[in-house]
Amino acid sequence: MAIIERPATESPAPTDTDDLVTATSSYGYLRRPVESTGWRSWAFTVDHKKIGIMYGVVAMFFFAVGGIEAGLIRLQLAGPDGTILSADKYNQMFTMHATTMVFLFVMPMAAAFANYMIPLQIGARDVAFPRLNALSLWLFVAGGLFLNSSWILGGAADGGWFMYAPNSDTPFSPTNGVDFWALGLQITGIASLVGAINLIVTVLNMRAPGMSLMKMPIFTWMAMITQFLLLFAMPVITVALFLLMFQRSFGATFFSVEEGADPLLWQHLFWIFGHPEVYIIVLPAFGIISEVLPVFSKKPLFGYPFVVFSGAAIGFVGWGVWAHHMFASGLGPVSVAVFSVATMAIAVPTGVKIINWTLTMWGGKLQFTTAMLFACGLIVQFTLGGLSGVTHAVAPSDTQQTDTYYIVAHFHYVIFGGGVLGLFAGVYYWWPKIFGKQLNETWGKWNFWLMIAGMNLTFGPMHIIGLQGQPRRMYVWTENRAGEGFFNLGMWNLVATIGTFVLGIGILLFFINALVIHRKQPVAPLDPWDARSLEWLTTSPPKPHNFDRTPTVHALDEVFHRKYEDIGEGDEHDYVQRATLEELMLEEEKHADAHIHLPAPSYWPMVLAVSLPIMAYGIIYTTWLIALGGAIAIAAMFGWALEPADAEDSDFDPPAPGEQTSKELANV
Amino acid sequence: MSDVVKETVSDAVDIVKDHADDVHEHDVSAGDHADDGHGAAHATSLGLSNTKLAMWLFLGSECLLFGGLISTYMLYRNRHSADVGPDQLWDIPFTSASSFVLLMSSLTMVLAVSAANRKDDRNTKSWLIVTALLGSLFVAGQVYEFTTFYREGLGYTDSLFASSFYTLTGFHGVHVSVGIIMLLATMAMIAKNKISGDKAETVEMVGLYWHFVDVIWIIIFTLVYLIPA
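As you go down the protein sequences, you meet chains A and B in turn. For the first sequence, the working numbering gives the first residue as 1, with consecutive numbering after it. For the second sequence, the working numbering gives the first residue as 1001, with consecutive numbering after it.
Hints may contain errors.
Claimed, not checked - Sample of chain A residues with no beta-carbon within 12 Å of chain B, all distances over it, derived:
id, residue
1, GLY351
2, GLY506
3, GLU582
Claimed, not checked - Residues from chain A that face chain B, not an exhaustive set, calculated with beta carbons under 7 Å:
id, residue
4, ILE197
5, GLY251
6, GLY260
By construction, these hints were calculated from the structure, which means they are not laboratory data. All C-beta atoms, glycine included, are put in the ideal place defined by N, C-alpha and C.
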């Protein structure tokens, strides 16, 4: 935390000042952390922008981990009777691949954008609960590391990502892997829940003056719907995980069929969470490309209210389709029919969105930047995944496809084509906003095309091998059952494996682009894309306090309307540029608010986050660790409660006598 | 004490009468937010304070937690051995009494919130203590009940009914215990003047949680104890 002094009328001083200031009073048990540089300025920060960046970095790390796991799976299946992995290791590999990609990559990556962009898009200076925000981040990191520590502590979970009980009970999975899985997801679940509450409150309560709900940028809308889904989905998986934990650790029999338990209990609980989870994965990506497409089409988003309400409709109907994951479990004809129809119905709001995106591009002045390419890629690939999805909605056809590679093909088109491509669109689109430099477009386009080619080579053939009957999760396939000619499993398995490596190279290019090429890139202009929404009404990267003055919002696409004036008559619209973003920014700086107080950093989020994995290790290994972790947690909670959320006047240096300076607390 | 009660009741009537004003007068203040350290009420977009909105969202999420646990219990409530089931175990008069104690604690919680709204620290503290004591009495009753059931042969792993009953009521008991810690911590922080932000609102937040836990118990009591298997 640093005090930035500046005359109230001048443009802001550079934010990288290193005037260190010590807190003049101590709070709780400890002084607040005051470092403005070095690792401590990141570890104890409550700045939503730094937290967003850290979310992104950690998520990308886990993306690489999950990618390596995927590569090993495909290598094992490249030829008949693969020998790279044992059956046991193969089980662990696909379980952890899915768990890592869903819980440790896609969700946190979406959280990274939500964290970074929501306050900027609604004209706020931070989220509603900055310390809780830091807690979410560190719980996610702690949970992810805890989950992956199982690799070196006797083997990872091996029950598949939906971990069907009783298959995940001790007789069938005797190592501690499933315990690590259940407890690790419990920790990341708390992170998601805390984050959801925080972001919903932020969106609902901290919008800039004039920003009604229907003037909110579309990404903020989709991210908010996602947070509502998380809010209500997380407790359900929490119950399921607790029951599993009690069964494995304390001998309860919730899922033991021989004790009279209902084997469908786990499936219901899991999928009541699991299906909304699918929308938790894709809705942020939908939001991102709904920002990207208008900017690079030079048109407003077609039918903004339809996109908003179809998103909300997906959020509601998403709760009524979970049993379509269980058509093969013998639910009975009535349930199957109801869930079949509901599943077909949910394709409607999704289709509405696809039409909106297409019509946004229709007649626009298209600019195929990398971000735009990824957005277009999402529309195409996700639609393909949606089409195979409708074939699952038809229950008789689904019964044929259940547990085959066809399912794997479908959900990778949806999650990779729908989720990951959208997230990459966001990375390329917002990179200059976040880091002040653009990613290299040539490398970006190679990255895009290799990813598209790679994903279609990998997941396309899985439709064929699935319909030919290759089950998912089998660690080998044999030559003499592989079939002949065009439908030969061996050929398509090899194609899929080659595709995986094409995909991998594409993603490697992204990492090179981001980590190496990026260093030599020139500083990006303030408004590289001629953007439309409020996050661009600040410097790149944004100042610690985001906005020099709190913006007043008059329109959807506020920044566009500040730059352009409509000189058309009647129903005609004709926009001419009246100002550049540079000019708008000068105006903002001239009217900068005095006395901007930012939330102060804190140790407690990290301490509290560390206590949970300690307790979790205790549950697995030894009781005294539970007590230790619990003691740390209680100490952290009291420290947290005793520490004022905001710095007080005593935290600021007194103004020099007779000086007309405004002071500002900034955790740079 | 009776004056306090009268005052409280009239206060409560006023609050109910004029709820719209109440929302604006009492609720507009940012909680854990950047601008509230300086006394100025910070207007939020909804007019509801951040902390209160967050608490409501959290309680909404909790509904699904208990929803999952209650569903599990309802699924397994009949799956027990013939001689150790609800018919043999339930002591309805005893559980009714402890439920009554918990319900009364909600009343004392309301009195604490009311005292906090009147900036009456002394009565706030006393009512918080009384609420915590009633809550502890309820938890003590639950511990007694559990040990009795255990002695009568209902171990945690003995049947699906046993596991799901202990899990559901145990989760509720943990929630009440956490609530008691919150009540006592709030009381201590008021005593030491350590509450940052709005004191009355802090008490009200603890109150919201406490009432929620109470309402959940009404549902559990009805579904688990009163409706015959």
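Going down the list of hints, with the structure as the test:
A cut-off of 12 Å between C-beta atoms confirms that A/GLY351 is not in contact with chain B; the least separation is 29 Å. No Cβ of chain B comes within 12 Å of the Cβ of A/GLY506; the nearest lies about 38 Å off, and the non-interface call holds. No Cβ of chain B approaches the Cβ of A/GLU582 within 12 Å, the least distance being about 28 Å, so the stated non-interface status holds. Interface restraint check: A/ILE197 against chain B, minimum CB-CB distance 5 Å, threshold 7 Å, status holds.
Interface restraint check for A/GLY251: the shortest CB-CB distance to chain B comes to about 4 Å, inside 7 Å, so the restraint holds. The restraint placing A/GLY260 at the interface with chain B holds, with a minimum CB-CB distance near 5 Å, inside the 7 Å limit.
Against the hints set out earlier in the document, no violation occurs for any number.
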